[in-house]
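Undergrad: Spelled out from the first residue to the last, the chains are:
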Amino acid sequence: MDEAVWDIGYLVASILFILGLKKLGHPRTAPTGNLYGALGMLVAVVVTIAQMDFGLTNNFTLIIAGLAIGGAIGYYMAVKVEMTGMPEMVALFNGFGGAASALVAASEVFRRINENDLPEGLELHVAWTAIGLSALVGWVTLTGSLLAMMKLKGGVEIFGTWYRTPTWGPEWLNYVKGLILISIVGLLYMTIEAPGNQDYVIAIIALSSILGILFVLPIGGADMPVVVSLLNSLSGIAAAFTGFIIGNNVLIIAGSMVGAAGLILTNIMCKAMNRQLVDVLFKSFGGSDKEQVTRTKVGSDPEEVAMVCDGISKCVIIPGYGMAVSQCQHQVREFADILEANGCEVKYGIHPVAGRMPGHMNVLLAEASVPYEKLIEMDDINSEMAECDVALVVGANDTVNPAARSGEGPLAGMPIIDADKAGVVVIVKRSLSVGYAGVDNDLFYEDKTMMLFGDGKQMMTELVSSMKEL
Amino acid sequence: MELITLIGAITVFILAIFLGFELITKVPPTLHTPLMSGANAISGITIVGALIFSNTDYNNGDPGFAAWLAFFALILATINVVGGFAVTNRMLNMIAGKRGGK
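These protein sequence lines map, in sequence, to chains A and B. So in my numbering the end of the first sequence lands on 470, straight run, no missing numbers. So in my numbering the end of the second sequence lands on 102, straight run, no missing numbers.
Keep in mind the hints are simulated off the structure, nothing from the lab. Glycine included, C-beta positions come from ideal geometry on N, C-alpha and C. A few of these clues could be false.
Claimed, not checked - Now the stretches of chain A that chain B is said to cover, found in silico as 3 or more residues with beta-carbon under 8 angstroms:
no.	stretch
1	14–23
2	38–48
3	166–178
What the hints assert, rightly or not - Quick list of simulated restraints, FRET-style, between CB atoms:
no.	chain 1	residue 1	chain 2	residue 2	range
4	A	LYS421	B	PRO28	24 to 32 angstroms
5	A	ILE192	B	PRO28	40 to 48 angstroms
6	B	ASN93	A	LYS297	17 to 25 angstroms
7	A	TRP6	B	ASN93	54 to 62 angstroms
8	A	TYR163	B	PHE18	41 to 49 angstroms
9	B	ILE14	A	LYS421	26 to 34 angstroms
10	B	PRO28	A	GLU123	40 to 48 angstroms
As the list claims (entries may be wrong) - Chain A stretches covered by chain B per the calculated footprint, using a threshold of three residues with CB under 8 angstroms from any CB of chain B:
no.	stretch
11	103–114
12	186–200
13	206–214
14	240–248
15	254–265
16	361–373
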């Protein structure tokens, strides 16, 4: 039987990936889509193992060990992670994917150099270009994703000391990045000229790793979703280049499809923030020089808020990252239940970039059994805000900051939820400190605003019990 | 590699990019995170390359440096694949399970 017959298996896997990705985009079919993707992956792995040369003397030790170790770690991490840690987890997995592609490329180049099995002519050009590009994209994805993960966490703990992830990037750093990229392209050309020289390959790996760090370093934490999404796109491209190395269409199809899909998602997020991707990537913003907060505001207590909320007819809840951090979605839901029992209409206003990932709030609220129909997108909820009696802002800041309308400062032009149009604005927040964009929020100081200073979970619990006592 | 194979591969590459653009143009925000996670798991397809290069002939019981690199790639790719699909499934269950009173 012709070995090419095996490629039909890869075709099946490709089809499953395409269907899976398509189904992932619709709420009802998404679980099926994920299943299709996993099934496609299984088919690809089985087909790959089935057509291997059983005559080699290794007894598949490495393969079985690799699959077992990786599978166990991956499954453990996926089951253990909490919903708040989801963005970091996606960033980490993404980095691993990029690193895997880069390592496959490295494996091939070192094997060929060590065994003196260097290709010639067209094959040399194709193989070495693909290896170089796969290494470039793969290592950038790895170091970039790791830094993005640390930025999402806010810092790292090394030997018991907490280090805040820095954000640093003067204007000239962009030229350094450009220079590194040009050097890598130059090195890539040199590897083709001297295919037996592994120093060039090592230089590409080192420079790409540095490039990944420099790429993410100047970007503020608020923009990390965009960065993770872009890196996700890159890891797909890295896989596609790996496909060129081993001459396998399923890698090329799946990889470039994910690359394109990631780019679309990145674009959606940038649009939601009314910013250009170029600005996000090359103009540092957020977290660098924050305004000093000098004004003060007297906090309210939950009893007062409960009294205000008594007998209202419409309430809009606007969650933000703070809700994710304090895990108070269940308390928020409870609060909504009490209001609804008293005949109040409750809706949730979801800002497209609330939280640290698109759809972050939706996932959390779904966990707390909030019906899907009550989650209203920004544009739709804004037309209703004027008739809203109370807007409850839970751990959100920049997404309700009226400064965004002024056309000045880092937030300029970002669409916001018009919480300030509601009759009363209740804000649950730990302090008056600025959000990721580093801009003070006028909304906090308005007369109709009631601040509930404290941890989201604690404040919402107290609010719920005060409501019950009324 | 023959020129025709290369051009075939580039054709597939370009067409798949267009396909990716068309596949997901309108996605409700609820699904953005699961979609990113699911797509990320699919990009773990590089596992195929890791598998192929992990399967080398031992030289006196030593798989060699290249095979060790591939082995490490295999572990990372498997984490990406298994973890990616599992975590996506968890998120989707959370969303889907709470809808329609299921």
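Undergrad: Now look at each hint and say whether the structure bears it out.
TA: Evaluation of the provided hints:
Here's how the stretch 14–23 of chain A fares: 5 of its residues keep a CB closer than 8 angstroms to some CB of chain B, so the rule of at least three is met and the hint holds. Beta-carbon proximity to chain B at under 8 angstroms applies to 6 residues in the stretch 38–48 of chain A; the threshold of 3 is reached and the given coverage holds. Residue count for the stretch 166–178 of chain A with a Cβ under 8 angstroms from a Cβ of chain B: 0. That is fewer than the three needed, and the coverage hint is violated. For A:LYS421 and B:PRO28, the hinted distance range of 24 to 32 angstroms is satisfied, since their beta carbons lie about 25 angstroms from each other.
For A:ILE192 and B:PRO28, the hinted distance range of 40 to 48 angstroms is satisfied, since their beta carbons lie about 46 angstroms from each other. Between B:ASN93 and A:LYS297 the beta carbon distance is about 41 angstroms. The supplied range of 17 to 25 angstroms is therefore violated. The supplied range of 54 to 62 angstroms is broken by A:TRP6 and B:ASN93, whose beta-carbon atoms lie about 34 angstroms from each other. In this structure, A:TYR163 and B:PHE18 meet the distance hint of 41 to 49 angstroms, their C-beta atoms being roughly 44 angstroms apart.
Restraint check, B:ILE14 to A:LYS421: a C-beta distance of roughly 48 angstroms breaks the suggested window 26 to 34 angstroms. One distance hint, 40 to 48 angstroms for the beta-carbon pair B:PRO28 and A:GLU123, holds here, with the actual separation near 46 angstroms. Against chain B, the stretch 103–114 of chain A contributes 8 residues with a C-beta closer than 8 angstroms to a partner C-beta. That satisfies the three-residue criterion, and the hint holds. Coverage of the stretch 186–200 of chain A by chain B is violated [criterion: at least 3 residues with CB-CB distance below 8 angstroms; count 0].
Requiring three or more residues with a Cβ within less than 8 angstroms of a Cβ of chain B, the coverage given for the stretch 206–214 of chain A is violated, as only 0 such residues are present. Judged by the Cβ-Cβ criterion of 8 angstroms, the stretch 240–248 of chain A is covered by chain B as claimed, because 8 of its residues qualify and three suffice. Coverage of the stretch 254–265 of chain A by chain B holds [criterion: at least 3 residues with CB-CB distance below 8 angstroms; count 12]. Counting residues of the stretch 361–373 of chain A whose C-beta sits closer than 8 angstroms to any C-beta of chain B gives 8, which meets the bar of three, so the coverage hint holds.
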